[in-house]
Every structure is written in C-alpha cells, then in structure tokens.
Amino acid sequence: MQRRAVLAGLALGALGACGNTAFYDPLPEVTRRAYSDGGDTSLTLYTVIARRNRGGAHTGLLIDGSQRVIWDPAGTFRHPHVPERGDLLYGITPLIQRVYIDYHARETYDMVEQTVAVPPETAEQAIRLAAANGPASNATCARETSAILRQLPGFGSIRRTWYPKALMEDFGRLPGVTERIITDDDADDNHNVIFEYVPGTGG
Numbered sequence: 000m001q002r003r004a005v006l007a008g009l010a011l012g013a014l015g016a017c018g019n020t021a022f023y024d025p026l027p028e029v030t031r032r033a034y035s036d037g038g039d040t041s042l043t044l045y046t047v048i049a050r051r052n053r054g055g056a057h058t059g060l061l062i063d064g065s066q067r068v069i070w071d072p073a074g075t076f077r078h079p080h081v082p083e084r085g086d087l088l089y090g091i092t093p094l095i096q097r098v099y100i101d102y103h104a105r106e107t108y109d110m111v112e113q114t115v116a117v118p119p120e121t122a123e124q125a126i127r128l129a130a131a132n133g134p135a136s137n138a139t140c141a142r143e144t145s146a147i148l149r150q151l152p153g154f155g156s157i158r159r160t161w162y163p164k165a166l167m168e169d170f171g172r173l174p175g176v177t178e179r180i181i182t183d184d185d186a187d188d189n190h191n192v193i194f195e196y197v198p199g200t201g202g
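Start counting the sequence shown at 0; every next residue gets the next number (numbering that gives the first Met the number 0).
Hints in this document: simulated from the structure, not taken from any laboratory. Hints should not be assumed to be uniformly reliable.
Said to hold, decoys possible - Mimicking SDA-like on lysine to any residue, the simulated pairs with C-alpha atoms at most 25 Å apart in a straight line are: (1) Lys-164 / Ala-130; (2) Lys-164 / Ile-100; (3) Lys-164 / Leu-128; (4) Lys-164 / Glu-178; (5) Lys-164 / Gly-85; (6) Lys-164 / Ser-136; (7) Lys-164 / Arg-105; (8) Lys-164 / Glu-106; (9) Lys-164 / Ala-146; (10) Lys-164 / Ile-180; (11) Lys-164 / Val-176; (12) Lys-164 / Ala-138; (13) Lys-164 / Thr-20; (14) Lys-164 / Thr-182; (15) Lys-164 / Pro-174; (16) Lys-164 / Val-115; (17) Lys-164 / Thr-177; (18) Lys-164 / Thr-139; (19) Lys-164 / Pro-79; (20) Lys-164 / Gly-133; (21) Lys-164 / Thr-121; (22) Lys-164 / Arg-50; (23) Lys-164 / Asn-137; (24) Lys-164 / Pro-152; (25) Lys-164 / Thr-43; (26) Lys-164 / Asp-184; (27) Lys-164 / Ala-49; (28) Lys-164 / Thr-114; (29) Lys-164 / Gly-153; (30) Lys-164 / Arg-149.
Unchecked claim - Derived CB-CB ranges, DEER-like: (31) Arg-158 / Pro-79: 35 to 41 Å; (32) Arg-127 / Asp-24: 14 to 20 Å; (33) Pro-152 / Arg-97: 26 to 32 Å; (34) Arg-149 / Glu-178: 16 to 22 Å; (35) Ala-33 / Asp-184: 31 to 37 Å; (36) Asp-184 / Thr-30: 33 to 39 Å; (37) Ala-131 / Thr-107: 30 to 36 Å; (38) Arg-179 / Ala-131: 19 to 25 Å; (39) Arg-158 / Arg-127: 19 to 25 Å.
In this text, a Cβ means the ideal position worked out from N, Cα and C, and glycines have one as well.
Please construct the entire structure, taking both the sequences and the accompanying hints into account.
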C-alpha cells in the first residue's frame, strides 16, 4: 500500500511489542513545535489490539493541556515534525494525531481510543509526570502509563499493570469516558492523512 510506503519514511520503526531507543531532541525544537488548540483539557488513552489474538500490543497517552503531547512509552513512532524527549512526543497537532493513529491501526492491529475530560491542573500534572519519567524500558508501556495515571486526582482506581488491555479496562470504568474503536479502514483514506506534507504550523 502506497500509504505504508510513505509512512515508513516518516514514522520510523516497526510496531510490535513495546521497545525503542531513547531520543532527546533539542529543547529549542520542542519549544518551536509546541502546539495547543486552546480547547478543553483531557486525557486520551490509546490501546493497540492485535487482531490475531485480541491481545494488547501497546499503550500511549495523549495529554491535552497547555500543550498537546503524547506519552509513548517504549514506542516506535518517529516523525520529522514531532520532537521527542524521553518517550514524550511534542507538537501534537490534529494532523499529527491522525498520523499517530494511522501508524498503529493497520490490517493486523486495531486501536481503542478512550477520552476523559480532566481539569487543567490534572492535565499539567500528567505532562510533568510523563516528562519526569524518562524513557520506558522495553515492554513496560502499560506499567509506566498506569503508574503515571495512578498519581492523578480521580485516577486512583487505575491499577498498576503490565498489560495494555487491563489498563484499558480500568480506564474505561472512569466516569465520563468516551470510547471508539479504530480499524485500518478508518485510519486510512477516511482520515485523509497526508504523509507527504505536514505544514510547520498546522501539522
């Protein structure tokens, strides 16, 4: 598929069990790419599910606060317009968010997206905790994410776990969570993701 060929040149690495190399892009680039839509603050948990056995393959957390970032512990997603420092991805515009989704939702993997509104101070605490955590070890995406969530007000019911699906189930029981399942079909032309060009200010 042409989309995958283009994507391979932008978002580097192969999806599978969590595992990555730590990156620390320059702070000026992080500042330059910072993005906020000025909307409501929220947390969005992404869980990658293998179609073959319905097992959890990866966990990521979009934090929408004073800026939009994705905590991608031990993740393999890389993009030239997305600076990263210790598994925290910066500059998450709506287009980059769609690229991230499309990278993970493919013929062999679905993605579950769960979103809950949080106060601004909770979103900021989540960003601070993720930044302070540093890069996660291989296969610890759910464990590191659940540890961060447990420290937030209103998230005490989240259990520390190694398993992405267990974390997804706990997150899904939080009051006010909305959920959708994203398939490869959804994440392709229906999202109209343009991998060839990502504007410096819009994606």
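Inset, instruction - Note whether the CB distance of Arg-158 and Pro-79 lies within 35 to 41 Å or breaks it. - result: holds, 37 Å
Inset, instruction - Please work out if Lys-164 and Gly-153 have their alpha carbons no farther apart than 25 Å. - result: holds, 20 Å
Inset, instruction - Could you see if the CB distance from Arg-158 to Arg-127 stays within 19 to 25 Å? - result: Given a distance of about 22 Å, which is inside 19 to 25 Å, the answer is holds.
Legend entry - Hint consistency between Lys-164 and Thr-139 [alpha-carbon to alpha-carbon, up to 25 Å]: Holds. Lys-164 to Thr-139 sits at ~13 Å (cutoff 25 Å).
Inset, instruction - Mind checking the alpha carbons of Lys-164 and Asn-137 for me, to see if they're no more than 25 Å apart? - result: At roughly 17 Å apart (the allowed maximum being 25 Å), Asn-137 and Lys-164 satisfy the hint.
Legend entry - Satisfaction of hint between Val-176 and Lys-164, Cα-Cα up to 25 Å: Given that 25 Å is the threshold and the Cα spacing comes to 16 Å, the pair holds.
Legend entry - Hint consistency between Lys-164 and Pro-174 [alpha-carbon to alpha-carbon, up to 25 Å]: holds, 18 Å
Legend entry - 25 Å limit on alpha-carbon distance, applied to hinted pair Lys-164 and Ala-130: holds, 24 Å
Inset, instruction - With respect to the beta-carbon atoms only, verify the hint that Arg-179 and Ala-131 lie 19 to 25 Å apart. - result: violated, 30 Å
Inset, instruction - Measure nothing beyond the straight line between the CA atoms of Lys-164 and Asp-184; if it is 25 Å or shorter, mark the hint as holding. - result: With a Cα-Cα distance of about 22 Å, the restraint between Lys-164 and Asp-184 holds, given a limit of 25 Å.
Legend entry - Hint check for Glu-178 and Arg-149 - Cβ pair distance inside 16 to 22 Å: holds, 20 Å
Inset, instruction - Assess, step by step, whether the Cα of Lys-164 is no farther than 25 Å from the Cα of Glu-106, and give holds or violated. - result: This hinted pair holds, its Cα atoms lying about 19 Å apart.
This entry does not satisfy hints 19, 38, going by the numbered hints stated previously.
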